[in-house]
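Visitor: Each chain, written out:
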Amino acid sequence: MKIVVCVKYVPDATADRTFNASDRTVDRTSVPGLLSELDEHAIEAALTLAEAHGANVTALTVGPSDAAAAVKKALQMGADAGVHVVDDAIHGSDAIASSLVLAKALQKLGEAEPVDLVMCGMASTDGGMSVVPAMLAERLGYAQLTFAASVEVSGDVVRIRRDAETATETIEAKLPAVVSVTDQANEPRYPSFKGIMAAKKKPVQTWSLADLGVDASAVGLGAAWSSVVSYDARPPRQKGTIVTDDGSGGEALVRFLAEQKFV
Amino acid sequence: MSEILVVVDHADGAVRKTTTELLTIARRLGAPSAVFIGRGYEQAKATLAAFGAQKVYVLEQPELSDYLVAPKAEALAQLCERLQPAAVLLTSSPEGKEIAGRLAIKRESGLITDAVDVVTGDDGAPVTTQSVFAGNYTVQAKVTRGCPIITVKPNAATPEPAKAQPVEEKVEVTISEAAKAARVVDRTARERTGRPELTEASIVVSGGRGVGSAENFTVIEALADALGGAVGASRAAVDAGWYPHAYQVGQTGKTVSPQLYIAAGISGAIQHRAGMQTSRTIVAVNKDPEAPIFDMADFGVVGDLHTVLPQATEEIMRRKGQ
Ligand SMILES: Cc1cc2nc3c(=O)[nH]c(=O)nc-3n(C[C@H](O)[C@H](O)[C@H](O)COP(=O)(O)OP(=O)(O)OC[C@H]3O[C@@H](n4cnc5c(N)ncnc54)[C@H](O)[C@@H]3O)c2cc1C
Ligand SMILES: Nc1ncnc2c1ncn2[C@@H]1O[C@H](COP(=O)(O)O)[C@@H](O)[C@H]1O
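Protein chains in written order, with this note's numbering: chain Z, 1 to 263; chain V, 1001 to 1322.
Everything labelled a hint here was simulated from the structure, so no lab data went into it. Take these hints with a grain of salt, some might be off.
Said to hold, decoys possible - In the BS3-like style, the derived pairs of lysine-lysine whose C-alpha atoms are separated by at most 30 Å in a straight line are:
(1) Lys174/Z to Lys1180/V
(2) Lys1180/V to Lys239/Z
(3) Lys1106/V to Lys2/Z
(4) Lys202/Z to Lys104/Z
(5) Lys1106/V to Lys261/Z
(6) Lys1180/V to Lys104/Z
(7) Lys1106/V to Lys104/Z
(8) Lys104/Z to Lys1142/V
(9) Lys1180/V to Lys261/Z
(10) Lys200/Z to Lys104/Z
(11) Lys1180/V to Lys1320/V
(12) Lys261/Z to Lys1142/V
(13) Lys1180/V to Lys2/Z
(14) Lys108/Z to Lys1287/V
(15) Lys261/Z to Lys2/Z
(16) Lys108/Z to Lys1142/V
(17) Lys174/Z to Lys1142/V
This one's a predicted model, so the numbers in the text were calculated from it and none came from an experiment.
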């Protein structure tokens, strides 16, 4: 089985994330970056499947040169190989263009041996649209099984369980498929010392848009099908009244609720 | 007037409140047409008319319900091809966003997700507002290519009734074999709690690690019930197995935007704030005066939730005369 995990390099959510004033894109330089924590769950799920069924796991990222760190972390966790698509023209790409580049890279990866399973995180922690996996399924014509809380493969069938709006669902499809996993799916492993050493010898390919046959004008800020008109920092919430419970804290709370007409 | 498609969000015909919000927004942009996909149209009919749908397209083929989003996206693409609407609005649920994403690619149209407001811009095209980076920024955006496809978060508008007599049209679409690749083989409905739906509720009471155990969540539930609200939980409480994941509030759970959000035993991590920061009024109960949740609270009690909450519940019941 051949598994490709899509991993994204994102600005750290606990830092003060902001925009580039010049082109209103996400500022990816002033804030430290890291492998999206939610994609660690996808890597873990892929590695678990590989351990059970035998599979080659490739980590794929599309992003600036720093994004190589996301692939490196995946290799340290145990992925076998990495691919980094990097090209200046990609800056400012929206989900539609990102999914195009990812789909082309997946097709190229499938030339030698078809890709059976594409695994994704449930959302990128920066953009967080949760649409790239569905878009990949659309572009590749693969089955879409998203928001998995658990994943199983038996033979050529993949089965997931997920918490939908009003029900718990079991979904099944024949491979090939795109599966996205939630943070409920597993506890991602930490890279071991051995894993860190082994990662140094694992193959990483770097591809440009030209390598994928993608026209530079199809991606990037200029090609985005939607654009940010303006952005504003939300004024910080005013800190309100804080009381210390002296035995009547609950009553004070209700007085506040009553003043606000909630009671 | 230009036609705005509103994809009806429903459970076997029970129309969710978000749909009435979408219809209200659609009336600002043009003439709303509801697109009803799945079973139970008879039950949905009256609500769609009451909130101003000029037309209703009814798509009832069973394939549209038995598979996931791919057939729905195909159906909408065919409808868009024929009608050339001025915009398509969907609920910003995981399913709504995935349908929208696939539709955007099929129709080569721009997509905006998670809008908290939509208005008409100077050129007549929709301009959306989104809340990003855990609610620290608001962003105005518009679609620059094709038919704007916009997913809108719950509580983005106050539903305003506007009686209409919609023209109904049954629509047949062709569903490809590829779209039927992923099949729902089992669906176990979650137990109904009798409480309002978390994302729609106007009051939410959430518990975190400070609650201490699954049994202790009755303290959270009692306050929620006294206020007629929904119950939420932090990821720490969910990970500990104290409350089901369906009730998690935050980045990887639900986003809520109620009139009142009460956080008890929750520290206020950025990933939790991402799911509740746009709440109108925030109240925190936490025994640590330094907890970051207090920085965003309109009212806070530094104290033990196990005494503060039951006292509050009792006081509410007393005021209600029970
Ligand atoms: C990628 C990612 C996604 C995440 N998504 C989410 C998400 O969707 N939702 C979410 O909530 N978290 C999410 N998290 C986790 C988040 O970072 C925090 O770990 C989590 O929110 C902490 O939950 P908590 O506030 O209940 O627990 P803690 O941070 O442990 O806080 C418990 C609080 O309870 C108080 N307390 C203890 N006992 C009492 C008592 N008796 N009375 C009153 N107060 C008491 C303590 O003072 C403390 O402030 C995510 C993390 C990551 C990395
Ligand atoms: N630039 C990217 N490179 C690799 N994978 C990505 C990229 N963008 C999105 N993904 C994948 O798609 C998932 C969902 O992303 P999103 O739709 O942006 O929320 C992520 O968890 C990743 O697995």
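Visitor: Are the hints correct? Go through all of them and say.
Guide: So, going through the hints one by one against the coordinates:
Distance check on the hinted pair: Lys174/Z and Lys1180/V sit about 11 Å apart at the alpha-carbon level, within 30 Å; holds. Distance hint between Lys1180/V and Lys239/Z is unfulfilled; the C-alpha atoms sit about 52 Å from each other, more than 30 Å. Annotation: proposed proximity of Lys1106/V to Lys2/Z holds, straight-line Cα distance about 28 Å (limit 30 Å). Pair hint Lys202/Z plus Lys104/Z holds up; C-alpha atoms about 23 Å apart against a cutoff of 30 Å.
A C-alpha spacing of about 48 Å is found between Lys1106/V and Lys261/Z, which places the hinted pair above 30 Å, so the restraint is violated. Taken as a hint, the Lys1180/V and Lys104/Z pair is honoured in the structure, with Cα atoms around 23 Å apart against an allowance of 30 Å. Distance check on the hinted pair: Lys1106/V and Lys104/Z sit about 17 Å apart at the alpha-carbon level, within 30 Å; holds. Taking the CA atoms of Lys104/Z and Lys1142/V, the gap is about 27 Å. The hint holds against a cut of 30 Å.
With a C-alpha separation of about 50 Å, the suggested pair Lys1180/V and Lys261/Z falls outside the 30 Å cut-off, and the hint is violated. Among the hinted pairs, Lys200/Z with Lys104/Z is consistent with the structure: their alpha-carbon atoms are about 26 Å apart, no more than 30 Å. The suggested pairing of Lys1180/V with Lys1320/V is violated, with an alpha-carbon distance near 53 Å, which exceeds 30 Å. For the hint pairing Lys261/Z with Lys1142/V, the CA-to-CA distance comes to about 37 Å; that exceeds 30 Å, so the pair is violated.
Note on Lys1180/V and Lys2/Z: the hinted pairing holds, with a Cα-Cα distance of about 23 Å set against a maximum of 30 Å. At most 30 Å may separate the alpha-carbon atoms for a hinted pair to count; Lys108/Z and Lys1287/V exceed this at roughly 55 Å. Between the alpha carbons of Lys261/Z and Lys2/Z the distance comes to roughly 59 Å, so the proposed pair goes past 30 Å and is violated. Restraint check for Lys108/Z and Lys1142/V: the C-alpha separation of about 33 Å exceeds 30 Å, so the hint is violated.
Restraint check: the Cα-Cα separation between Lys174/Z and Lys1142/V comes to about 38 Å, which exceeds 30 Å; the hinted pair is violated.
Violated hints for the displayed structure, listed by number in ascending order: 2, 5, 9, 11, 12, 14, 15, 16, 17.
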